[in-house]
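Hints in hand, dock the two standalone chains.
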Amino acid sequence: MNEELLNTLSRIVANATPLVIASLGETITERAGVINLSLNGSIVMAAMVGFAAALVSDNLIVGMIAAMVAGAVIALIIALASIELRQDQVAVGFVLTLLAADLAQFLGQDYTRIPGPQVPNWPVPVLDQIPIIGPIFFDHNILVYFSYALAIGIWFWLFRTRPGMAHRAVGERPEAAFARGTNVHRLRYLYTTIGGALVGLAGAAYSLHFKPGWSTPPSMQGDGWIALVIVIFGGWHPFRVVLGAYLFAALRAVSSDIQKNGLIVLGQTIEFNFVLLNALPWLLLIVTLVLVSTGTIERLLQIMPRPLQKRMRSVLRSDSPKALGTRFEVD
Amino acid sequence: MCKQSPIWQIVFGVLPVFLAVLIAAMLVIAVDRDPVEVVTNIWEGAFRNTKSFAGVLNFWIPLTLVCVGLTVTFRSGLWNIGIEGQILIGAMFASWGALYIQLPEALAPLQIAIEIALGILGGMLWAGIAGALKVWLGVHEIFGGMALNSIASVWGIYLISGPWYPEGGSAQQSAPFSKVALLPGISDDWPVSLLALVLTVMALIIVPLILNRTRWGLQLKATGKNQRSALLLGVPINTVAMSSFLVCGGLAGIAGAYRTLFTYGSFRPLASGGIGFLGLLVVLLASTRTLWIPVITFLFAAILSGSTRLRVAMQLDASLAQVLQSTLVLLFLLVGGLRQRFEARSATPVEPEAAQPPVQTRAGGEVIAP
Numbered sequence: 001m002n003e004e005l006l007n008t009l010s011r012i013v014a015n016a017t018p019l020v021i022a023s024l025g026e027t028i029t030e031r032a033g034v035i036n037l038s039l040n041g042s043i044v045m046a047a048m049v050g051f052a053a054a055l056v057s058d059n060l061i062v063g064m065i066a067a068m069v070a071g072a073v074i075a076l077i078i079a080l081a082s083i084e085l086r087q088d089q090v091a092v093g094f095v096l097t098l099l100a101a102d103l104a105q106f107l108g109q110d111y112t113r114i115p116g117p118q119v120p121n122w123p124v125p126v127l128d129q130i131p132i133i134g135p136i137f138f139d140h141n142i143l144v145y146f147s148y149a150l151a152i153g154i155w156f157w158l159f160r161t162r163p164g165m166a167h168r169a170v171g172e173r174p175e176a177a178f179a180r181g182t183n184v185h186r187l188r189y190l191y192t193t194i195g196g197a198l199v200g201l202a203g204a205a206y207s208l209h210f211k212p213g214w215s216t217p218p219s220m221q222g223d224g225w226i227a228l229v230i231v232i233f234g235g236w237h238p239f240r241v242v243l244g245a246y247l248f249a250a251l252r253a254v255s256s257d258i259q260k261n262g263l264i265v266l267g268q269t270i271e272f273n274f275v276l277l278n279a280l281p282w283l284l285l286i287v288t289l290v291l292v293s294t295g296t297i298e299r300l301l302q303i304m305p306r307p308l309q310k311r312m313r314s315v316l317r318s319d320s321p322k323a324l325g326t327r328f329e330v331d
Numbered sequence: 001m002c003k004q005s006p007i008w009q010i011v012f013g014v015l016p017v018f019l020a021v022l023i024a025a026m027l028v029i030a031v032d033r034d035p036v037e038v039v040t041n042i043w044e045g046a047f048r049n050t051k052s053f054a055g056v057l058n059f060w061i062p063l064t065l066v067c068v069g070l071t072v073t074f075r076s077g078l079w080n081i082g083i084e085g086q087i088l089i090g091a092m093f094a095s096w097g098a099l100y101i102q103l104p105e106a107l108a109p110l111q112i113a114i115e116i117a118l119g120i121l122g123g124m125l126w127a128g129i130a131g132a133l134k135v136w137l138g139v140h141e142i143f144g145g146m147a148l149n150s151i152a153s154v155w156g157i158y159l160i161s162g163p164w165y166p167e168g169g170s171a172q173q174s175a176p177f178s179k180v181a182l183l184p185g186i187s188d189d190w191p192v193s194l195l196a197l198v199l200t201v202m203a204l205i206i207v208p209l210i211l212n213r214t215r216w217g218l219q220l221k222a223t224g225k226n227q228r229s230a231l232l233l234g235v236p237i238n239t240v241a242m243s244s245f246l247v248c249g250g251l252a253g254i255a256g257a258y259r260t261l262f263t264y265g266s267f268r269p270l271a272s273g274g275i276g277f278l279g280l281l282v283v284l285l286a287s288t289r290t291l292w293i294p295v296i297t298f299l300f301a302a303i304l305s306g307s308t309r310l311r312v313a314m315q316l317d318a319s320l321a322q323v324l325q326s327t328l329v330l331l332f333l334l335v336g337g338l339r340q341r342f343e344a345r346s347a348t349p350v351e352p353e354a355a356q357p358p359v360q361t362r363a364g365g366e367v368i369a370p
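Chains as they are written, first to last, in the working numbering: chain A, 1 to 331; chain B, 1 to 370.
Just chain B, with the same shape it has in the complex (with noise of 0.2 Å):
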């Protein structure tokens, strides 16, 4: 009784992605486009030969990163929306190794290794700094976290237009990288850089198998689901938010670094460039298959790697990009809630667990307050 029959959840779970691609197109319509020719165009920007794809991976790479560390900040309850600042912060660090440490060819690796070290340390700094105005001045981590945003940013531009300014350049970067200080690409064909592949596809293996077979990943389990039982069970709630802070933020600088050492291989105010905030949507559309995120950060990866040619070939605002992937993540909510009222209206008495909503936030509807 209890469970749909298949259809319904192939319904419900086709449904969002129907009625967001549905919306996409409406929109392109009311812009006087074709929708099919903006599909033609994402898939040529994503797969027409290994250089695009290429170009994909380095949007998966960063993204896929922020999202496993988002993992951990939801398992126990946080809304870091601070993500942003911290990618930036670690790809500041990392910038600061690139320019300022100058190692002998033959120490390449060192070079390199010393510069995504830094990019943790300043992606886990930032992090910190809003883990420490929640734990210990009970500021909200979402106003806290938005504010830390903004005052990286104005950080960045004030490297760029001050301390990093480049000689002659332009006041929208600092002076390239050496050739040292860079990440190096597989190949010609294959720009993608191999070491940061092989980071991110550890990342997934890990941090899960951490969230769920270890004492830590129970403990902010406990800690996510109901902050007041874990306390009474003797759960550090204090360790553990400061700890899920740190882990995500060091996440969140591998992503700045490589941002910054591959993809631009300069230091830029806009290094972020909104993956965090897409992070968090990839998470709550995810909820708690956390198996689901490598599939769904390359297919955002690939709608925005792809949507890049829309401006050249259509004249469209690249926005169209992010604006479908909102709609389906808040499509997804919607229909996740509808799904709800159907399944307690067909089924016995439902448990208070199942009218849960799926995404994790603090139990008992924690206020947006001090």
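Chain A with its partners taken away, still in its complex shape (with noise of 0.2 Å):
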């Protein structure tokens, strides 16, 4: 395999790490029937936050946490409006992706365009010497791991134990949950959280990892809404969640690669404006949103051979938690 193929694949792994945090942390909160649409707002918030605490303390990890504790405050608040205040999750969600994002310029004003710490690169031992596999996938940073063992662990957790089983019920059908004696409110509380953590450490990632820095108007700029339907794409599953943010970041390193270095299709160089390229990402996200909801994977399946259509209908079909997005009134 060519040496340049190669790093491009690895830049993609690299560059989809974000992206991937963040919708693993959406698709625990939804699973939970939750929605937190403030990703876009909360991303950028986190990312000032991480980076002026990794710079004021010169500790990565303050700043992680820092970060962390960011998203899951934002977090927080939508699930208090919900549960308590009985307000409109989307609405909640989208008055503060607002305010997250012009927050963030704001208290980040005197942080912007200057070094701070970076995440450093550390090679798996061993594993980063397997041909093709290990530059790909282990010669990056601990953050590009933690997101492989993040989607294994939430897998595992929502589809191989009995608390991941309570999670899913909560998000599906909370009045069956509840009457099976689980605490529908805690839960919710404690995905909510927990998701918008994650969304948070998505946010560090950008500042300390994938664009070192902090800048208004910030570069991560929309990936928010992105990782909001990759999530979507993925069907609510962590693996195609995963898939669905290195298909995106795959589209961008294919666009920025064009935009560099022209396009050349049968030895003709391909003469367009290519600005334009960056429409690509949005309008892969509306095919992505229509093959989902006209249901033409449905009308997939049915063409298939029967043996294959029940083991492809696990992997392709995309059923939103039932619950997602409702309130769960005890009485």
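Just so you know, the hints here were simulated from the structure itself, not pulled from any lab data. Some hints here could point you the wrong way.
[Said to hold, decoys possible] Capping the alpha-carbon separation at 20 Å, the derived lysine to any residue pairs in SDA-like fashion look like this:
hint : chain 1 : residue 1 : chain 2 : residue 2
1    : A       : K322      : B       : G138
2    : A       : K260      : B       : V154
3    : A       : K322      : B       : Q227
Small disclaimer: the values here were computed from a predicted structure and weren't measured.
What follows is the structure, given as structure tokens:
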């Protein structure tokens, strides 16, 4: 395999990491039936807080923890407003998106465009020697490895453990979970906060690793919305969510590559204004949602041979948690 | 029993404002500036003289148009987050008219009418795409709208970096429009477009009348309250959703045309400048009380216009204005929830209706998912 392709693939994995962590965090939250629509603002806020904390304390761990706290607090406000104050999750989440981004810009005005600490690269011993897989997946920093562990951990938790079943039940049928003695509200608080903390870590991943430093307007603008769509594309399943994040990152890598080097098809250089390529991720986003919602996938399943159908269904279908975005009243 | 005493009503009304101002003041202190100085600067920036007051109106006009449009989509239970893109495409279409249609000076009114019509068309086109995605393809309007916003912005950047790249200019804006193509101001002391002012006031009067007095308005309301029962009662919910998108997009298009034909005088890819999102905040704040919209937009426009001074006068980031505004809306929602809890406790059993949030979202807690 040639060196350049390996580099590109490795870069895609690195660049996708903040998206992976954010969408996995949101998956946890939405599986419990709560929508955290504030992702776009939360990420910006956490990126700023994480960068500032790491810079002031000169300690990366402090920065990451501060970012996670920022994300968790924002998520907690949504849970509180929805559960205690009976407010609409979408409305509160939307307001928080704007508020968090503007607040980050205001409070972070003294930290813009200055160099700060960066998460160092740490190739995994032994594993990075595996041909092809080693350089692509195991020549990164600790955040990237954490994202792998996170995906596997969430999958195991949701589908292989008893508390994970309660977690899903709270998002699917809160009444049934309640009847079985589950404290629906407590679990929703818990998972919304954990999900928010992960979104915060994703923010730190931007400012401490992927696009080091902090600037206004922030360079990760818009990624929160993409992460929200990746969760839908991933059918609320951790592995597919990761795949979706890599797909978006790959598309970005290709389009930035074309912007840098020009597009050559069959030896012909194709001329056009490459600025337009920036619209590609958003077009893919729309196409993704159309495919998921129009039942194209269902129809695709039906024309498959029967033995394949059952297996593919669990891989391809995309059903939202039934109680997503709704309130649960005990009475 | 059910009604609170007037004292509590005032407390619940004033509390969010008080808290929001307090939080903003603490933020200003946190960055080592004097809050009183900030207030004086914003006041000076907004109401120093007739010109600065005209500056406030320059924000008030597009913001109010956008808000009036958004009351229509909210009434039918739709979150038109794509409003930013609709403003921008409106601005883009109006700019196309200004750049490529050159009527003689005698026909200036016709020129402007064509430009505004193009703006409306652009806004409707972009809203129509969001509507079509929602109605026929089941793409939730929040995500579809957000994607369309970004695509509109990429398109705008493409135009000024390519086809509309000005001779010898920077890739920040298109070439300035000719004088005939611009909306005229009232006078040098009052740089405000009378036509836009009249259009805005008309929209403020006519749209609520249509919403409250016509069959279409009732259909919107029925769809927004409960889509399923509306369908069972024979309301064509798809047509209703689509038409409310189009009306909102048209109004956003006028706002965009105003920004580009008056405020800037050239096309900029940031022509919408967050006014659409601010409009969503205003409508959340006003919820069903549409009469408050011009008042809130005036207040927000004054803060927005006044705060542009902060950077020069105090080296403060002007985002303080947006922070104050969104904090206010957040606290308003939270205090509104507190108030409902308070009412539920002090009153005889509440009707389920009273427990609904003040924000009109789709009935039955619609899920953000296809």
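Here is what the structure says about each hint:
Of the supplied pair hints, the one linking A:K322 and B:G138 holds, its CA atoms being roughly 17 Å apart against a limit of 20 Å. A distance of roughly 17 Å separates the Cα atoms of A:K260 and B:V154; the hinted pair therefore holds under the 20 Å criterion. For the hint pairing A:K322 with B:Q227, the CA-to-CA distance comes to about 18 Å; that is within 20 Å, so the pair holds.
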